[in-house]
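Q: Make a model of the complete structure from these sequences and hints.
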Amino acid sequence: MSNSEKPVATDVSHPQTNEKRRNPWAWIPTLYFAQGIPFVVVMSISVILFKRLGISNTDITLYTSWLYLPWVLKPLWSPIVDIFKTKRHWIIVMQLIVGAGLGAIALTIPTHDFFKWTLAVLWLLAFSSATHDIAADGFYMLGLPKHEQALFVGVRSTFFRLAMITGQGLLIILAGSLESKTGLPALTVQVQAVSDSAAITASDLESFELPRSGGEQGILAKPEAMSIGLAARDKAEIEAIIAKAKSWNKQHGFYAEEKAAEKKVEEKSWWTATVSEPLGKQIAKAFPREAARPKDDRMGNVNVVYLYLSQEVPADKNVIVNFGFSKGDKSIKLIEGERFTFNAQNWNQPFMAVIQLDPKLKNPTSATFLATSGNIPLAWSILFFVLAAFFLLICLYHKFILPRPVSDIPTAGSASSTVAAFFQTFGSFFTKPGILSALAFILLYRFAEAQLVKLAAPFMLDAREVGGLALSTGQVGFVYGTVGVVALLIGGLLGGFLVSRNGLKFWLPFMVFGINLPNLVYVYMAMVQPDEFTVIASCVALESFGYGFGFAAFMLYMIHFAEGEHKTAHYAICTGFMALGMMLPGFFSGWLQEIIGYKQFFVWIMLATIPSFIVAFLVKVDPAFGKKTNS
1 MSNSEKPVAT DVSHPQTNEK RRNPWAWIPT LYFAQGIPFV VVMSISVILF
51 KRLGISNTDI TLYTSWLYLP WVLKPLWSPI VDIFKTKRHW IIVMQLIVGA
101 GLGAIALTIP THDFFKWTLA VLWLLAFSSA THDIAADGFY MLGLPKHEQA
151 LFVGVRSTFF RLAMITGQGL LIILAGSLES KTGLPALTVQ VQAVSDSAAI
201 TASDLESFEL PRSGGEQGIL AKPEAMSIGL AARDKAEIEA IIAKAKSWNK
251 QHGFYAEEKA AEKKVEEKSW WTATVSEPLG KQIAKAFPRE AARPKDDRMG
301 NVNVVYLYLS QEVPADKNVI VNFGFSKGDK SIKLIEGERF TFNAQNWNQP
351 FMAVIQLDPK LKNPTSATFL ATSGNIPLAW SILFFVLAAF FLLICLYHKF
401 ILPRPVSDIP TAGSASSTVA AFFQTFGSFF TKPGILSALA FILLYRFAEA
451 QLVKLAAPFM LDAREVGGLA LSTGQVGFVY GTVGVVALLI GGLLGGFLVS
501 RNGLKFWLPF MVFGINLPNL VYVYMAMVQP DEFTVIASCV ALESFGYGFG
551 FAAFMLYMIH FAEGEHKTAH YAICTGFMAL GMMLPGFFSG WLQEIIGYKQ
601 FFVWIMLATI PSFIVAFLVK VDPAFGKKTN S
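Counting from 1, position 596 in the sequence shown corresponds to residue 596 in the working numbering; the numbering is continuous, with no gaps.
Worth double-checking, as some hints may not be accurate.
Straight-line Cα separation of at most 27 Å, DSSO-like style, residue types lysine-lysine; simulated pairs [unchecked claim]:
(1) Lys246 to Lys222
(2) Lys330 to Lys51
(3) Lys454 to Lys360
If you anchor each label on the Cβ, the simulated ranges turn out as follows [to be verified]:
(4) Arg298 to Leu618: 50 to 60 Å
(5) Glu312 to Val72: 46 to 56 Å
(6) Phe390 to Ala284: 47 to 57 Å
(7) Thr182 to Asp234: 38 to 48 Å
Calculated from the structure, these hints are not laboratory results. Heads up, the beta-carbon is just placed ideally off N, CA and C, and yes, glycines get one too.
A: Structural data, given as structure tokens:
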């Protein structure tokens, strides 16, 4: 950018002060990476943390689900960010609070009531992170001229997603590495899925003398390498093996038996009796689905590995073992024995861990499982101290590197007018010119995609007898987590670049086609049910690329519509409607698919793209918005 070193006080295209203009590459990547880290900590890492610390799945899902609430409600306090202080000030303060919060989590993990205190701090992180999002998105619009907002929209999305990948991948790997280095030496168990292998039965699972070893305490396994035959087996046989292993483990006190929840028989709701059930019958009558082929009542084959200790456990000590997938093909999974405890009473008995193949797996493959008994609280405390230090460094970096746009000023005139300013900000959003067409665009632009995204993975996993593609878990993870993500990022970056050349108005018709027409690949896959994995991956790549390309227009339109005195709060309100536009269609998509089947559902998805085309051609966009201008 040739103007990056010019003073900008007299240049209205650069909304910054008379200091030398900051290169956007110096702050946009770090700002949006910092925006993603606390989000992934609250929404993803916390779940794994609590699981590793022994919290039940019921409590984890109940309490961590509520942590999403601040992002849902953030439009309600977005005017406060506009009214008080500058966006730059809010960013720095929120990053400081997030860094302190990450350090507080590190301190609460080793405590007796860690679950209660850690949840309290996570709530603080969630509200701070949601407030940071409001300020960062507003600052992005203030700190860049309009054509650069378009150019860098793909960059901000990319670095936010890199934060997601870092949190869900690298940070979890680091935590696992710390766990393995703070306790007993880790033990690896190699598992091979092979064409021919002897199949065990429930009667084979008997207690037997396990060899001990001298020297220091350690975890042992018998066998340390085993094979499992690829051929699926009768469901009753597999369930008998699993049941016997569970019974053995509970009988010997490796973990307490959980109480089964009572199943309630509820009466039909008014909605079910009056609306959904009669409507479903009419739809099923009008669009009869193909009869499902008989389902093979078979399950993936299993084998058992016996885990035990080499030495006796002292009376006042427990050895908690975590056993799970380490690397390889995720189609080989652990179904019994993720976490268990050795003590003075059961140390001389083996624990039975059951490993099963995905029944859709057809070719030989392998996986490695890891048993660790490290100091889990210490390991996770270290991880959060590292995160806290990183975030405080990011905060310090942004303190000096973030630009100071002249338009970044609080909008409240005085303290006495704060309440009036608060409500005036909301009111001004709904009195903007073109508000009805804008809301229609935000709610309906992704109407088809909101339904497709809910059923794409189930379609890949479902058996061919019911219209799916019968991919294994590992294959689905690869096609969406690798191929799909790369295509999505490329599409988003290309969309932002092209808009910066010709403007949003020019590219919007192309982008609405880009986000919708590639959905045809799902119609093709549902009709043909291809066997070739490369064909399926290519189809997903095409749809993901189109989504990334078309989604760039969606983000830019919200930036365009939010322009004005309260752009920060107005953009936050737009994101609230964006979430609503994804949530509402998702409510009925599964219900509809079960009625009409995959083939007709994906045909419906193509029909559901029509509202997207209509609203895209109804909205008014400034022809100059997003276009790079010569200054």
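Q: Hint by hint, where does the structure go against what was stated? Just the numbers, ascending.
A: Violated hints: none; all satisfied.
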